[in-house]
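*Asks:* In the order they appear, the protein sequences are chains A and B.
For the first sequence, our numbering begins at 1 and goes up steadily by one.
For the second sequence, our numbering begins at 1001 and goes up steadily by one.
These are calculated hints, taken from the structure and not from any lab test.
Values in this document were obtained by computation on a predicted structure and should not be read as measured data.
A couple of the hints might just be wrong.
Footprint (simulated), chain B over chain A, 3 or more residues, beta carbon under 8 Å [said to hold, decoys possible]:
no.	region
1	242-252
2	266-276
3	578-588
For each residue, glycine too, the CB sits at the ideal point set by N, CA and C.
These are the residues of each chain, in order.
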Amino acid sequence: MVLKGKVAYINLSTRKLSQEFVPARMRTLYLGGRGIDMYMLYNHLKPEIDPLSPENVLLVGAGLLGGIPCLGSGRCDIAAKSPLTGAIGDSNLGGFFAPELRFTGFDHLVITGKAEKPVYLLVKNDEIEIREASHLWGKDTFETQTIIRKDQDDENVKSLVIGVAGENLVRFANILTGMKNSAGRTGMGCVMGSKNLKAIAARGTTPLEFAHPDELLEYCRQMNDMITSTRWSKAQSRWGTMIIYSNTNTTGLIRTRNFQLNRLEEGQDLEPENIDRYSIGTSGCYGCAVHCRHRYILREGPHAPLYGEGPEYTSLGAFGTMVDCKRMETILVANHLVNKYGLDTLETGGLIAWAMELYEKGILNDKITNGLKLEWGNEEALYELISNIAHREGFGNTLADGFRKAIPKIGNGSEYYAIQVKGMSNLHSDERPTPSFALGIATSTRGADHLRSRPAIDMYGLPEDVLEELYGGPVAPDYNSYDGKPRMVWWQERLYAVTDSIGLCKFQTVFCSVHAPKWKEFSKLIQLATGMEISEAQLMEIGERIYTIERLFNLREGFSRKDDNLPERYFKEPTQIGLPVARNKKIDRERFSKMLDEYYELHGWDNNGIPRTDTLKKLSLHKEPSNLM
Amino acid sequence: MSEVRCLNCLKRFPVLPKAETAICPKCKTKYRISWPTPNQAKVRGLA
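I would like the entire structure built from these sequences, with the hints used as guidance.
*Replies:* Shown next as structure tokens:
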């Protein structure tokens, strides 16, 4: 049965391994993937530990529906205490690793301790081996995967790996699988590096047994039709998430020159259509019919020949608009570099854009940057700084520690220019015209983030009755409005928490299309795959439980209402350009605070953002940590 | 006929097949249009 997945406990210090089945009660309370990872993180981690110490716990979790034939069911969740923020560390990646892990018989890995020398884990059909990895240390992410496959003489081995950035403990190092699928946010690759863990390789041949296989297959077919018929999915399948750029840049919703402007003028070369000049086709993750990433080749120029995959919308901003680079080729090179070194694209671009603004303002100078001329649009400086960050060389060493440590080190008012929340860089989106998005980045449990709660459909001006039916209460259709937006954020938080826990791609849910799958479809899929009867209302409660335990984790680490905030510039500096709907907009501090009150109330938290006792009881969280796993 | 949504006033309006530009009938914003598929128009940028 698909519910017979096991959890493995691996102590790299003692090399002790043990395993057990995931308790059925855990499935009904937390499903799998992110949900169970969050439960175990809250239970296993001692408060206030150093995230780079052997005491940090690294969790790898496949979703409850990982491996079913639809909806991008290859998602894998990675969690630990974040070395970047000190808050929840959690990141989610696609590709093929999570299904492969499930085929070995394991759904979750709990990794503690620190290996004496570099090692990698080999998970192979019910067996786990800690293997020596000195021959992999120093290799980039692509080489590492190739060598492991050769070592195993098996092209079907799937690996999660770190690059040199993770080895060098860059606090926003990512974990990569394939050519681009990465757990980028919150520095999970840094945690792997701190444990001397270079890779986790999986190879399994145990088929998943579903409760109702024939009905599941037919329902998955219906789901695929449902997804691929949406306008969003059709466009995404053609140009990937880059498709978002045309709308956001045209409107004036993109951070440009860090935060100075909200549209990249003369940014036509970054339009998604231009990937066609370099693309040799598209590719997809396990179980997905959308195929949203391009495979591209640079055949000419100083960086040729170069093969890469993507880029995502995030990289268009990170290495385009935010640093004022206007060429698609720059994006493709930088995207390749961060994947090769194992860096989070968003954090890297956010920090470099910040540094460029500090350089312009004279807060940084050539002496501090070791001669690097951090001028807007200087693509060679961009490439060099990416490399310096990954290798912790020169000024890159300062940025490699992220905003929280770099701000006091640089000083001189540099904090004002940092576009971050809880120590994590924001996407290149400019949320000043969209209060729902602004609330989402302020309250996200892992720091400024668009993937924890973003109600992207707020941009569509959907009819009020449609929004009210979807969100269960009144929501203003105007995206400039503050009315009802906390409800949107709250609803999306719970949907995404459940999506990450069943292991599906949130781009194929109500992210950009109101017609995409949500609670009802999830409930049916769970029933057909596992036999578990979980109603739509119960799924919403599970989402609430997961989000609340993340909140409890952050509260325990010292975070509070004061951290659910936005950078000052959101309140002080209005947007300058763009269409009238996006121009001359800033966040009203008082109305933002009222949104926060309303958002807490919807969650059943008090005015300080602390879950009330009755809320904890309702969610069966009042006895946590209970150490059931 | 394919439709696009005006990015300024959010009104949906039809676009002629293979058209390279289109004007929102409500707020008069003029857009460049591209075609992810032969039957699906999308806004590419301001015209």
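*Asks:* So which hints don't hold here, by number, going up?
*Replies:* No hint contradicted; all consistent.
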